[in-house]
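Chains A and B, in that order, give the protein sequences. Each number in this note's numbering comes from the position in the first sequence (counting from 1) with 233 added on. Each number in this note's numbering comes from the position in the second sequence (counting from 1) with 603 added on.
I should point out that these hints are in silico values taken from the structure, not numbers from a laboratory. All residues carry an ideal CB built from backbone N, CA and C; glycine is no exception. Check each hint, because a few of them may be wrong.
Claimed, not checked - Using C-beta positions, here's what the derived DEER-type ranges look like:
no.	chain 1	residue 1	chain 2	residue 2	range
1	B	Ala1073	A	Gly406	25 to 35 Å
2	A	Val410	B	Ser755	46 to 56 Å
3	A	Asp262	B	Arg1058	16 to 26 Å
4	B	Ala1021	A	Pro659	22 to 32 Å
5	B	Leu1098	A	Ala682	50 to 60 Å
6	B	Pro646	A	Asp373	55 to 65 Å
7	B	Arg637	A	Pro659	25 to 35 Å
8	B	Ser1099	A	Gly406	52 to 62 Å
9	A	Asp704	B	Ala1073	51 to 61 Å
10	B	Ala797	A	Arg543	55 to 65 Å
11	B	Glu1028	A	Gly424	17 to 27 Å
12	B	Lys1078	A	Ala400	29 to 39 Å
13	A	Asp704	B	Gly809	51 to 61 Å
As the list claims (entries may be wrong) - Part of the chain B face toward chain A, derived, beta carbon under 8 Å:
no.	residue
14	Met965
15	Glu977
16	Pro1062
What the hints assert, rightly or not - Covered by chain B, per the in silico footprint, the following chain A stretches (three or more residues, Cβ under 8 Å):
no.	stretch
17	254 to 268
18	678 to 685
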Amino acid sequence: MNVLIVGGGTAGWMSAAALSRLLPPRTIDITLVESEQIGTVGVGEATVPHIRFFNQRLGFDEADFIARTGATFKLGIEFRDWARKGDAYLHPFGAYGEPLDGVPFHQAWLQARRLGLAGDLPRYSLPVRAAAADRFRPPDPDPEAIGSTYSYAYQFDALRYAAFLRAHAERRGVRRVEGRITDTELDGESGFVTAVTLEDGRRLEADLFIDCSGFRGLLIEQALETGYENWQHWLPCDRAWAAPCPADGPPPPYTRATALEAGWAWRIPLQHRVGNGHVYASDFIDDDAAQDALLAQMEHPPSDAPRQLRFVTGKRRRQWHRNVVAIGLASGFLEPLESTSIHLIQLAIGYLVEHFPDPDFDPVCAAEFNRIMDLEYERIRDFLVLHYHATEREDTAFWRHMKHLDIPDSLRARMALFRERGVVTPYRHGMFLDASWYAVYFGQRVTPAAPDPAAVGLDAERLKTHLERLDQGIGEAVEAMPPHAEYLDGLLARPRGAAA
Amino acid sequence: MNAPVEAFTIAILGEGPEAWLAALAMARTVPVARRPVTVLTDPDAPVSSPAVALHPSVTDWHNALRLDDATLVNRAAGAFSFGAALTGWTGPEQTWFNPFSGFGAPIGPVPFYPIALKLRAAGVPMRLSNFSLAALAAQTNRFQVPDRAPGSVLSTCRHGLHADAHGLAKLLRESALAAGVVEEQGTIRDIEWAPDGAVTALRLDGDRRLEAGLWLDASGPAARLASRLQANRRDDWSGLLPCDRRLQARVRTVGTPPPYRHLETMAQGVIEHLPLHGSTALSAWFDASEIDDESVHLKVRDAAGAERLEGLTIEPFRPGRAVEPWVANCVALGEAAMQLEPLGPGAFHFARTALQRLLELMPGEGGSEAVRTEFNRRAAEEQDHARDFVLAHYRLNARQGEPFWDAARQGAVTPGLAHRREVFEARGIVPLEDEEPLEADAWLNLFDEHGLVPRHAGPLVAGLDLDTLAGHAEKVRTFMLGALRTMPSHEDTLLSLRVAKGQLESTIESVSLAPPGRGEDRTARK
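From just these sequences and the hints, can you work out the full model?
See below:
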């Protein structure tokens, strides 16, 4: 089967690298067409821990990857000023505490707090305390050790990651074609895309097209008019300014997201620079003011002129339509508040492999792929809306709007359940596990009315001992971790493992 | 209510194992001194099912309840099970085996099923159950409790248990009473309602009154309390599933029970053999418009090869579920919430999952609206999936030329089943949703044995040549046969767990064997 990937960038080269690695070599022939004239949205990219499994499956050596992409380690995201101005919390890659007598930790903690026996929730999370101390080390492989109670991700330069993936994909036989697509041919009967034509007249045919052309969706939208489900009424931010600057001190092992007047600002620390950006709602703030707001909170003047991005939050009605599968920004857009863009690419690649088309393009495979991706998209959307909606801020029109928003029913039911009894229902398809929901709920002052009755029944003395033991164990584990910068330097100084 | 809400009392209706399981689970979660638990048993209640099938997920729960396999073997005529043998469904005299666990082993990222499909397409006979140690063991009457050591072949198996319902109820009751649960005997005369529709108290015979903040109805199909709650509407499945009557009985047996249950078809329904130590429990589900009670009685007797059936009961069977098993402050459990032929997990399993869900969602001081909504949503999803699994056996049956089975093949299909079948037939995979009562492999095996053939085996197996695949399959089989040879017989395993009476007392918690009189237990505890 001939596969044509339209567009390079992170989505295109992740798809090329993964498909060339995961699919049997003799059964598939992959070409990627991209144009150097078309820029990619290559801002500093923060990820979630799943990226490590992607890299592992592709056989990448971690130290080599870190060196080539300017990467730093990431234990979570720090959210500032979300529920109230002056608030700060970390959404860590790891659960809080450990259950006691089968009672979930956060329930036991709620009870302990009522009895005056507990410290703040973040005390009982190793990654939160390690991040606060700017320390990092990979988790302990012994599952019994307290040092195993977290995971980690990376912050890296997306352009360099794309180049890293490109080298890998080309070594595995992916053919790269330089050129700008000017025309798309559709089959008169099936409506399938049969070929694309380049500016210089070359014609590229394929059986399966993967649209990684970004927001515009060259094939999925411009050629196939698949349609778009607009979610701006729930997530009104529609523009961003992005600008890098030099770092002020060693990189911390976390990303930061600071709520501003009509949106929020990201700070992504890399080895060689800091990525900054301001995501905002143009209905509530104008472009100039938004740019000023970005610059005002950066630690140094920008080392490059700020670039503007425009987007419409939502998703394609079908991510896979006929013989076109949209991956990355062509499939939809969710703001990078929880670093989900690369994960959505990774999910789409995984589900595409599982439902990879046969020569007859069984429509059931596309329908099943779309069903699962829709669930993933909707559930991330709900999680993002939670960040804006769970606020006490009424200091600007934007925050008043978000606080009183008519949220999706699915989120309303979830929040009601948490407020009533502190329960988070797990999903089969849905990237954010219960620990993530707890972190954002508690971090944004959404508190259950009462704990689990089973927690109320716990013996106070046992509860106290349990919390003290955790507190002490975490404190010692963090103390034993090296500073993030030191660990990073050590890794970079090490002789490289075999490049993938 | 002036008392703190978490201190409310719980009352459970029923006398069978579901009711006592509920009582024990509640008492183990919150001390009864803080939250008293009463079980209201009705001496006039009809006899419950003679035996229960404990699904592997139930045995997984043993630790929480401080139960173990050995106690069940000793106290409840327990016999182990690796799954179910099904006869007559896929063709005359055809038998297939659906184990609780999966099949074969993957090659890296390539699952076993596409490997089997590709080999089969090349003419190699590949039956999934020949690549399941559990299925191979069941066929040869071998059984060993699976370990959890990663990499061991035995860890690929999962086991359940069959238990005598009376013995199991007694065992659970003793543990529950020892944990401070109080038993009341009585018949409901009247219900006292709060203005919001909650049940505040039951008036019982002899001018007695029982109050509680939360009611669990585990009284079986009669649903003595749940059926009285106005909003307790039922989703009726009689248009989908044909059997509307159930026979239950038991026969005495000698020798070792087989380590599986057997579900065989008859011309107008289904017969289940559930082997226990010393007896086999028999159930039959049938269409009363096709066959009368006496004829079913004779058929079951012949199927059991017995001269007579003991404890025979025949009663209406109404496939369906409560639209909302939790209404106001009353939660229906087991057959009070759903009636469904146990071609998959049975009523005891669903009582168990409902209890687990209830413990997770137990109302606290914040009220019960959101937790109730969530409980009902999850229950509905789980129960509809369970119904679809049963429905698939009927819709895909291969008994030709008999009105009951011909009609069963042609009826309507639910959207959930249609979707699963569609994805399976396209790709040989089974999509799973959030609240699934069965693993994907149980569905795969069902579809596969019933002759559905995926159009495509997926892209990954295409890269592997036939020699590699055949070598892999051979290796898996050799590995399993090797493990099978060293596996003890079911009989030896049962014998090793059976202990002398004297030793037995120390294996279970010390229990009060006082008669279940009212008041005495309460006083004794103080």
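Taking the hints in turn, this is what the structure says about them:
The hinted window of 25 to 35 Å between Ala1073 of chain B and Gly406 of chain A holds, with their beta carbons roughly 28 Å apart. Checking the proposed 46 to 56 Å range against Val410 of chain A and Ser755 of chain B shows it holds: the Cβ atoms sit about 51 Å from each other. In this structure the supplied range 16 to 26 Å holds for Asp262 of chain A paired with Arg1058 of chain B, their Cβ-Cβ distance being about 23 Å. Here the CB-CB span from Ala1021 of chain B to Pro659 of chain A is close to 26 Å, well matched to the stated 22 to 32 Å.
Roughly 54 Å separates the CB atoms of Leu1098 of chain B and Ala682 of chain A, a value that falls within the hinted 50 to 60 Å. The beta-carbon spacing between Pro646 of chain B and Asp373 of chain A, approximately 58 Å, falls within the hinted interval of 55 to 65 Å. Separated by about 28 Å at the C-beta atoms, Arg637 of chain B and Pro659 of chain A satisfy the suggested range of 25 to 35 Å. The hint said 52 to 62 Å for the Cβ distance between Ser1099 of chain B and Gly406 of chain A, and at roughly 58 Å that hint holds.
For Asp704 of chain A and Ala1073 of chain B, the hinted distance range of 51 to 61 Å is satisfied, since their beta carbons lie about 57 Å from each other. Between Ala797 of chain B and Arg543 of chain A the beta carbon distance is about 57 Å. The supplied range of 55 to 65 Å therefore holds. Restraint check, Glu1028 of chain B to Gly424 of chain A: a C-beta distance of roughly 24 Å satisfies the suggested window 17 to 27 Å. Distance hint check for Lys1078 of chain B and Ala400 of chain A: the Cβ-Cβ separation is about 37 Å, which falls inside the suggested range of 29 to 39 Å.
Taking 51 to 61 Å as the suggested C-beta distance range, the pair Asp704 of chain A and Gly809 of chain B conforms, at roughly 56 Å. Using the Cβ-Cβ criterion of 8 Å, the hint placing Met965 of chain B at the interface with chain A is satisfied: the shortest such distance is roughly 5 Å. About 5 Å separates the beta-carbon of Glu977 of chain B from the nearest beta-carbon of chain A, less than 8 Å, and the hint is met. A cut of 8 Å between beta carbons decides the hint on Pro1062 of chain B: the least distance to chain A is about 4 Å, and the hint holds.
Interface restraint, the stretch 254 to 268 of chain A with chain B: holds (7 residues with C-beta to C-beta distance below 8 Å; minimum three). Interface restraint, the stretch 678 to 685 of chain A with chain B: holds (5 residues with C-beta to C-beta distance below 8 Å; minimum three).
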